[in-house]
Amino acid sequence: MIREVLKDQRGHVRAAARPPIAAAHLRKDAWWALPLTTFVVLTAFIIYSTWAALQNAHYYVAPYLSPFYSPCISKSCVHSTFGYGLPDMTFPVIGVLSPAFLILWGPGLFRLTCYYYRKAYYRSFWLAPAACAVRDVKGGYSGETRFPLIVQNFHRYAWYVAVIFIVLLTWDALLAFRFPDPRGGTQFGIGIGTLVMWINVIFLAGYTFSCHSCRHVCGGHVDVFSKTPARSSLWHVLTRLNEKHPTFAWLSLFSVGLTDLYIRLVSMGIIRDLRIL
Amino acid sequence: MPTYTMRVFRGDPGGGEFKDYRVETGEGMVVLDVIHRIQATEAPDLACRWNCKAGKCGSCSAEINGKPRLMCMTRMNLFEEGETISVAPIRTFPLIRDLVTDVSYNYEKAKQVPPLRLKPPDPDGKYRMMQEDVDRAQEFHKCIECFLCQDVCHVIRDHEEHKPKFAGPRFFIKIAGLAMHPLDTVDRTKWVGTHAGVGLCNITKCCTEVCPEHIHITDNGIIPMKERMADNVDPVVWLLRKFRGAKGKQPA
Numbered sequence: 001m002i003r004e005v006l007k008d009q010r011g012h013v014r015a016a017a018r019p020p021i022a023a024a025h026l027r028k029d030a031w032w033a034l035p036l037t038t039f040v041v042l043t044a045f046i047i048y049s050t051w052a053a054l055q056n057a058h059y060y061v062a063p064y065l066s067p068f069y070s071p072c073i074s075k076s077c078v079h080s081t082f083g084y085g086l087p088d089m090t091f092p093v094i095g096v097l098s099p100a101f102l103i104l105w106g107p108g109l110f111r112l113t114c115y116y117y118r119k120a121y122y123r124s125f126w127l128a129p130a131a132c133a134v135r136d137v138k139g140g141y142s143g144e145t146r147f148p149l150i151v152q153n154f155h156r157y158a159w160y161v162a163v164i165f166i167v168l169l170t171w172d173a174l175l176a177f178r179f180p181d182p183r184g185g186t187q188f189g190i191g192i193g194t195l196v197m198w199i200n201v202i203f204l205a206g207y208t209f210s211c212h213s214c215r216h217v218c219g220g221h222v223d224v225f226s227k228t229p230a231r232s233s234l235w236h237v238l239t240r241l242n243e244k245h246p247t248f249a250w251l252s253l254f255s256v257g258l259t260d261l262y263i264r265l266v267s268m269g270i271i272r273d274l275r276i277l
Numbered sequence: 001m002p003t004y005t006m007r008v009f010r011g012d013p014g015g016g017e018f019k020d021y022r023v024e025t026g027e028g029m030v031v032l033d034v035i036h037r038i039q040a041t042e043a044p045d046l047a048c049r050w051n052c053k054a055g056k057c058g059s060c061s062a063e064i065n066g067k068p069r070l071m072c073m074t075r076m077n078l079f080e081e082g083e084t085i086s087v088a089p090i091r092t093f094p095l096i097r098d099l100v101t102d103v104s105y106n107y108e109k110a111k112q113v114p115p116l117r118l119k120p121p122d123p124d125g126k127y128r129m130m131q132e133d134v135d136r137a138q139e140f141h142k143c144i145e146c147f148l149c150q151d152v153c154h155v156i157r158d159h160e161e162h163k164p165k166f167a168g169p170r171f172f173i174k175i176a177g178l179a180m181h182p183l184d185t186v187d188r189t190k191w192v193g194t195h196a197g198v199g200l201c202n203i204t205k206c207c208t209e210v211c212p213e214h215i216h217i218t219d220n221g222i223i224p225m226k227e228r229m230a231d232n233v234d235p236v237v238w239l240l241r242k243f244r245g246a247k248g249k250q251p252a
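Chains as they are written, first to last, in this note's numbering: chain A, 1 to 277; chain B, 1 to 252.
For reference, chain B alone in the conformation it holds in the complex (with noise of 0.2 Å):
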């Protein structure tokens, strides 16, 4: 059996340390079976968060060999035998223990996104909407808040300072799902520059890049409401909304 030294963080906010663990792996086992190993043989009192070991629960995000990755969904077979990997928390956010980190930043974000508000219903109460209106915005759905996203941006990660008026690419797709609901009736490209700080995003893609659903963070949600925002000082967008005779939605 492949055997690996795990460097595993041990630690809390007053300091750590990387600590080294020999492990045998087994055939088709992910990164959290071998700290559940380390934790079973070695190291009893290792902290981690996990919960569904399937890749849907967003639970174990961490930072194997540097980089942003769910815990679970990281087979052994990805590196070679006898190689050392580092198993680090997720540096963005503050550390509780070992690998557990505080993630309540973005919950607080979350609150603040302005939610949907419907147009009235069809005349007979209801509402309608058709399938390939909503398509669209599906795939925002998929996210399963790993907060990987949010790890890996760099406007969280290494500039503070922008922490209290930028939301995060998580939570630019929430809007941008938002915007893009067929009944929805409030407009939100002003507030997304002004209170989300979509402004401070520069398009590196990191987040596209560590999403383990695969959502296309920044195409399908960061751009088009960077773009939705440029349409607000287009001529010939407000030229063709006369044209068209478009009506406005509500500001946030």
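One chain only, chain A, in its complex shape (with noise of 0.2 Å):
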């Protein structure tokens, strides 16, 4: 047998055979913990978003708009984010249940096609695989080359949106600073609610800016840095960003379904909002 092998090697002739090992992975650690705990929290996180966005309640208290709900652009609104409301939009008709849900697909869909979360739910959700050499759940795999998952590619696309909401939110943070007065328009000021919607601006502009679509955008699809040194130095900056990107992604998440829940508790009257200034 030995002398056959060697011969092989010799040749052009290949071992056919992988090595027979039956076990579908041999790790001893707990690689399961990681995929598990990703699992929850995203599953945790589409529920209360799902639930937030049917409520169409208990999303505004001046001086502050949940992000779940902004731009609010309907006349329905409690609150529009530019002075005047549109027209209520009855359709799509989902739109009928909550104008949230005409606004989450944006943000939504960037955080779906986001590189790093395809890895997180491909691993949690799919199995696919669920760890590294830890074997594929399912058969028939394709990756991202058919309908739907081949939508994954248009990724920049939803960075394209997002960067507007983020221009949007900033919008709504700048408000929360404009708090009405009891003789009658309004006065600065500061509250634990404007602190809560510059930290999730912060986050979400952190998690929207170190994208990988980004980082190529705007200097990584050039090859000859040395002669556009405006996109080479802000591709260096992405870069170091973009390091960042698992970081911001879970801290974004979290904000922004903290802030929600915030501006709820207070609109609500369970919580009270202090003011610092």
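These aren't lab readings, by the way, just hints derived from the structure by calculation. C-beta atoms are modelled at their ideal positions from N, C-alpha and C, and glycine is treated no differently.
Below, a list of computed lysine to aspartate or glutamate pairs in the EDC-like style, where the Cα atoms sit at most 20 Å apart: (1) B:K242 / A:D223; (2) B:K190 / A:D223; (3) B:K119 / A:D223; (4) A:K28 / B:E17; (5) B:K163 / A:E144.
Facing chain A, from chain B, some residues (calculated, C-beta under 8 Å): (6) E63; (7) E132; (8) E209; (9) D234.
Across the chosen pairs, the derived CB separations fall in these ranges: (10) B:P120 / A:F254: 52 to 60 Å; (11) B:P120 / A:L36: 50 to 58 Å; (12) A:T170 / B:T5: 56 to 64 Å; (13) A:R135 / B:G14: 17 to 25 Å; (14) B:K249 / A:I150: 21 to 29 Å; (15) B:G14 / A:R231: 52 to 60 Å.
Combine both chains into one complex, guided by the hints.
Spelled out as structure tokens, the structure:
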């Protein structure tokens, strides 16, 4: 047998069979812990955000607007982001349930197609693979070559949309300094909610601008950096930021959910928003 | 001296099993040292491929406790004293014997990569490029071709049917390095989809996790290639290219 194998190595005949090891994996560590945690956290967020979007109430308490309902562009909104409302949107049908569904598709699509979240949910929901060197659960794998997963390759379109939302949420955070004046009009102020909204915008901006597509569009497409110093510098900055993309992905997920929760609880009168200034 | 039970795979394509060896280790020993000690004391016919013992030749790839690693770079003090440590061949490739596999799949894939095709030289007959132009691809040149990334990639490992049309992470970074070369004239964006199967990669980043050279295979190699493919269908990029008058490359 040994002689035969050595002969094979010198010639072009290849060994044909993989190592005859039946076990699906030989890992001894708690490889399942991370995908399980990801599954629990993402499921919890999806359930909460869907519930919050369906409420169509308690998303605004002056001067705070929940990120799930921003921008408020419908006349039926409690608060109008741009000071006036567009005619009530009842189409598509889902908009009847709550204006949040007219908005959430944008950031939702951005997260759904995000390179980092793809890793997270392919591992934790698809189990393809659940962990490194652990056998895929399902056969018939086609990666991102067929519909619907081929759409993942258009992540950058979702990024373009996400950038618009960063502008809108920054505007909301600026408005969070304008508290109603009991004598009429508004006055400058800072509440805990203002800080919550700004932290949320910073984390969301960190997540959006550390995106792989952003890094590519802003400079990664260039082959000769020495001829494009501005794009080269931008690419280097975004590369540093991109290293923190997973961190921002989780921080912004928590911050957007907690910001909505905070505004909801204040709006319902369960907690009181403390004024700092 | 700490003693470990080494559960080493012994066998050939016809069959095999894990055999236990009790080995006493010394300070600073790595798994490869322990395998050599087993060869010297209990199993002189134990087949194992190795060369530099310094993490640079990429020969001693194996799966230690189920994780793809270089045996020469895995220190024994990572493990609890008395622990049973499994050492298996890299499971993605055909077995030759014991811990030795036939990795020629990778050499076949290497041959298929469209080579560098340089621009015409400067008028004085010389080629010039700046250091900052080659810095980005330098990372990919650290690859020692241990093929741990190929071993752990689930497309190759678990879906045999895709092997003919899938190059794997090692070759995605090779392709990316060529695509980012400042003097290259070949457009590999379509080729990487049709012939290298980059669309099969679902970015689960195991290749990056196991790379002993810490190359950011996914973030700096695979994702940029996917983004370059997306450039071809992005109207914003198309407009910018028209505006700048950028010249296209020749398709591979």
